[in-house]
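> These protein sequence lines map, in sequence, to chains A and B.
According to numbering that gives the first Met the number 0, the residues represented by the first sequence are 0 to 338, in order.
According to numbering that gives the first Met the number 0, the residues represented by the second sequence are 0 to 317, in order.
Simulated from the structure, these hints should not be mistaken for laboratory data.
Stretch by stretch, here's where chain B covers chain A in the computed footprint (C-beta under 8 Å, at least three residues):
#, region
1, 46-56
2, 243-254
Each computed DSSO-like pair below joins lysine-lysine, with the alpha-carbon atoms no more than 27 Å apart:
#, chain 1, residue 1, chain 2, residue 2
3, B, 110, A, 33
4, B, 65, B, 87
5, A, 283, B, 66
6, A, 293, A, 108
7, A, 223, B, 69
8, A, 314, B, 48
9, B, 110, B, 203
10, A, 223, B, 48
11, B, 134, A, 314
12, B, 48, A, 211
13, A, 169, A, 5
14, A, 194, A, 141
Pulled from the structure, derived: some chain B residues nowhere near chain A, Cβ distances all over 10 Å:
#, residue
15, 6
16, 68
17, 127
18, 146
19, 162
20, 174
21, 179
22, 294
23, 300
24, 309
For each residue, glycine too, the CB sits at the ideal point set by N, CA and C.
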Amino acid sequence: MIISKKDIPGFLDKLISEYQVFAPVQEGSYTLFKSITSGTDAVLTADNTKLPAKEIFFPQSEKLFNYNVTETGAKLETDIDDRKKVIFGVRPCDARSLVLLDNVFNNDKFQDPYYLTRRANTIMVGIGCNTPASTCFCTSVKGGPFDTTGLDLLLIDTGDAFVVEVVSDKGKALAKQAGFAAASDNDKSAAAKAKEAAKVTCQVNIDGLKDKLDINFYAPIWDKIHEKCLGCGACTYLCPTCHCFDIVDDAVDCNGCRVRNWDSCAFPIFTLHGSGHNPRTSNKERYRNRIMHKFKYFVDNFGEIACVGCGRCIKNCPVNMDIRVVLDDVRGSEARLDS
Amino acid sequence: MPKLAEQIKDAAKKLLAEQKVDLVVGFAEGSLPLRGTPLFARTPEEADKLTWNLGCENNLANYLRKKPGKVAVVAKGCDVRAIIALVKENQINRDDLYIIGVPCSGMIDRKKTAALLDDEDILAIEESGDTVVIKSNNSSATAKVADLLHNSCRDCSYGNPVIYDELVGELLPEKEAADFTEINDFEAKSVAERRAFMNSEFSKCIRCYACRNACPLCYCEECFVDCNQPEWIGKSAYNTEDNILFQVVRVFHCAGRCVDCGACERACPMGINLRLLTRKLVKDVKELYNAEAGVNMEDKPALATFTVDDPEAFLLKE
Ligand code: SF4
Ligand code: SF4
Ligand code: SF4
Ligand code: SF4
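So that you can see chain A by itself, here it is in the shape it has in the complex (with noise of 0.2 Å):
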């Protein structure tokens, strides 16, 4: 099936009369995930969005249930997210992100409703990545810039127009509504030709990877890789995997809200006891519980790495800390660092 790209501002108007459609719409310098009023707010030029799409399924700030405490009792009141969303323009590596979280969200001993609601009623449409940017290693990770993980459908920019390939049967429905067009064996194979040509230049080696944390721990390498970093939380907030959150209450007496707020590891309150002790007393504990949980807990609980090489927080770090060069510097911590 094709969709030429004049006829995308219409086919997201017509969705939009049916579902909340987020597509990513310029910032300033960047692109965020809005839902958007209007099919020509879509952006589908840009790289990856600066904020990962798991922000539309887990928010940094989500108001669990809001409790109100009078002489007769307590009133809960909960507000699950319920409403049809179409994910449209979402690259592979956020789309596979998800397939990822879905397992601290939904497993054997828990199952939360606010992002389980959300997954179940989403569609997500994809676009693959003609031009992978040069930060970007999702091949390293399972990942590569046509990957369908995730997705419904997968657009695959031809030049004028899109192939849309179908994913799930989610994605056959919504494509059979909206009466794509057939392509024809030149669009397929000007799509098999975009394919090919898209080139992901940086490899990362994680061969060995996981062994290696499984005895690091206490290894002097973790002295000295955190050491230029600030402990802030752009890599994590930014990150599309990273899932680690803190409740709080936002009430005044008795009145209020519980939230979930995205948390970050390299926060110094991060993990902090009621009592004052904290297990991760510095910043170097911090930073290797960002490696340890992406590379060997998560592998650990769920047999899978939890980074997609989306390369966001290699953009970001206000001081070039890289995660390619740290996973590099683990795996041959010998050899590379302890001179």
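Let chain A serve as the given structure and place chain B with the ligands on it in line with the hints.
Just chain B with the ligands now, kept in the frame of chain A:
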């Protein structure tokens, strides 16, 4: 620049080889085009990685507080100003710090370079004298370094380190202090306009605190935003008022201490115009007390001193 890099390397290696210092904090080549990244060298071999380029934008004074042993730092003008401010606040012992001063005519703003190529992915930036060539996949552009500087660098008149133990390179011609045009323009707006601007700017804030952590003068053991007994400020990010409150309190807390290095604004991943606030305070401190932070070792910090003729326009309405 390559020459400066060599001189920095030589100076650092010598200090380490002669065991005059235990550590040299400087910049190594980063992983992005024309990006310096902080480096901590403890051996002459490690010091071999030191470099100097137009992307050495971080304020290294941030790393010097309470570092054990003797430390040397590769410091440009604004780093030195922050060092002086920190020495005065008893955060750095001057006797334990060796300053390798580097005259600096400004660092380039990667947002400005990216804008030249329509925010395409920049693959290379090549320095050649006072121009740079910027390359992406499909296009390239040549621009004057002077047009690409961070605004803080553009306005800075302290590119020459005001104190140092050793200087590499040549001192630059003195530059006039910039005026406060942007601040004056903002002050001239109506309250409603200023409010609207603040709201739109700080609705972008994700409370990652990169600004706070990149600032060499923001070093409270416990930041008021992290305290929850009492909870001074809402912890959730859906409230722009709280985002503004955080930044305004941070900026006020840096009043008379801020050295206008721009590190906070550069660190912000969301591109928020923080310097509008920090520089407003720089202007006020200059106008009210004729003081500037970190420009010499002698002056007392503006808020640590008092004279009977200090203006009190904000206290008393006569
Ligand atoms: S690695 Fe960079 S972005 Fe992440 S916490 Fe450290 S300084 Fe901040
Ligand atoms: S760790 Fe960095 S590259 Fe990996 S998914 Fe997170 S932001 Fe992207
Ligand atoms: S507030 Fe900003 S400009 Fe001022 S010293 Fe701190 S980082 Fe530099
Ligand atoms: S760095 Fe920017 S986004 Fe982060 S807390 Fe500061 S102002 Fe907000």
